[in-house]
Structures are given as structure tokens and as C-alpha cells.
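Engineer: Sequence:
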Amino acid sequence: MQTVQIREASAEDTQQILDIYNHYIQHTVITFDVDAYSFEQMSNKILLLQKDYPVLVAHKDDHIVGYAYASAWKTKTAYKHSAETTIYIHPEYHGKGIGLRLYNSLLTCLPLFEIVNAIACITIPNDSSIRLHEKLGFFKIGKFDKVGFKHAQWIDVEYWQKQV
173 MQTVQIREAS AEDTQQILDI YNHYIQHTVI TFDVDAYSFE QMSNKILLLQ
223 KDYPVLVAHK DDHIVGYAYA SAWKTKTAYK HSAETTIYIH PEYHGKGIGL
273 RLYNSLLTCL PLFEIVNAIA CITIPNDSSI RLHEKLGFFK IGKFDKVGFK
323 HAQWIDVEYW QKQV
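Residues in the sequence shown are numbered from 173 upward in steps of one, following my numbering.
Be a bit skeptical, because a hint or two may be false.
[Said to hold, decoys possible] Listed next, with one range per pair, are the computed distances between beta-carbon atoms:
(1) Gly314 x Asp191: 31 to 39 Å
(2) Leu220 x Glu286: 17 to 25 Å
(3) Gly320 x Gln177: 32 to 40 Å
Simulated from the structure, these hints should not be mistaken for laboratory data.
Heads up, the beta-carbon is just placed ideally off N, CA and C, and yes, glycines get one too.
Please work from the sequences and hints to get the whole structure.
Structural biologist: Printed below as a string of C-alpha cells:
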């Protein structure tokens, strides 16, 4: 059995990335998307992100076990050196240190894209995500109450930041 490797995402990863993301759409409030993505939607999203930002995957034995990417935090030009960071780990691989390694790899890439601020948007409660961001040196900036509604519940969001 191979150890987990981290690399840039490729077109061949799209279906497995899609499967991970659709799990989170359907079973959690971690993403505010409510409708499952199609293959085409995910493929287009990855290609669009890769024009300006890193998109990484963690893989083990040819299986994608997680992915992480940066994206525009805001669309106005003055925000171009700040990026929102996002990470999803396959549910069967939680608690194995993959998220920490993958996220560290993403943060290491950001200066190559002229990003100086990583901003994480965390749905609350999410203790494991809070612990991950604390380990990585993020600090809480603020909280928005009841900004999302999904699966018949109101969802709070915290913003966390790290200069890279």
C-alpha cells in the first residue's frame, strides 16, 4: 500500500473529486451548495480555478482521498493578493493527517501565485476544521450568524485568516 502523495489535480481526477464534493453537498452543511454537481460542472470549475490558482489532490493507491484549492476571495482587483482556501477530505480518510499535509502543500503554493493572505470560510460548528486551521496558524477574524440555511437548519460562518 502506497503512502499518500500530493500533486496538482488533472482532468483524470475529476470524477473522484466530484464524488467527494457531492458527498459533502448531500450529507453536510460544510458547503452551501445544495444541488449535486455534474461531471461537466466540476470539470469546468477545476479548469477555471487552475487558470489563476493551485488545485491539489492527495492520492493513495490511485484513489483521490482529498483535494484542496484556492480561489478568488473577492472579485475586485484590489483583493487579488488574497485567496479563499478550500479543502475536502474523503470521509473514510478523516483523522489520518491527510488534511494537514494537503493544506500545508496548498499554503506553500500560494506565494507562487502572488497570494499573501489565505482566508478560510468555516461553517460552525466544525471542531475538526477549527483545529486544523489553528494548527496551520490561521486566526479567527469574525463570525456571521445565520447566513446560510440548509438541511432545515440555520448555519453560522466564521472567517479565519493566515498571511503566507
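Engineer: For every hint, state whether the structure bears it out.
Structural biologist: Now for the hints, and whether the structure bears them out:
no.: 1; hint: Gly314 x Asp191: 31 to 39 Å; result: holds, 33 Å
no.: 2; hint: Leu220 x Glu286: 17 to 25 Å; result: holds, 18 Å
no.: 3; hint: Gly320 x Gln177: 32 to 40 Å; result: holds, 34 Å
Going down the numbered hints, you'll see the structure goes against none, and every one checks out.
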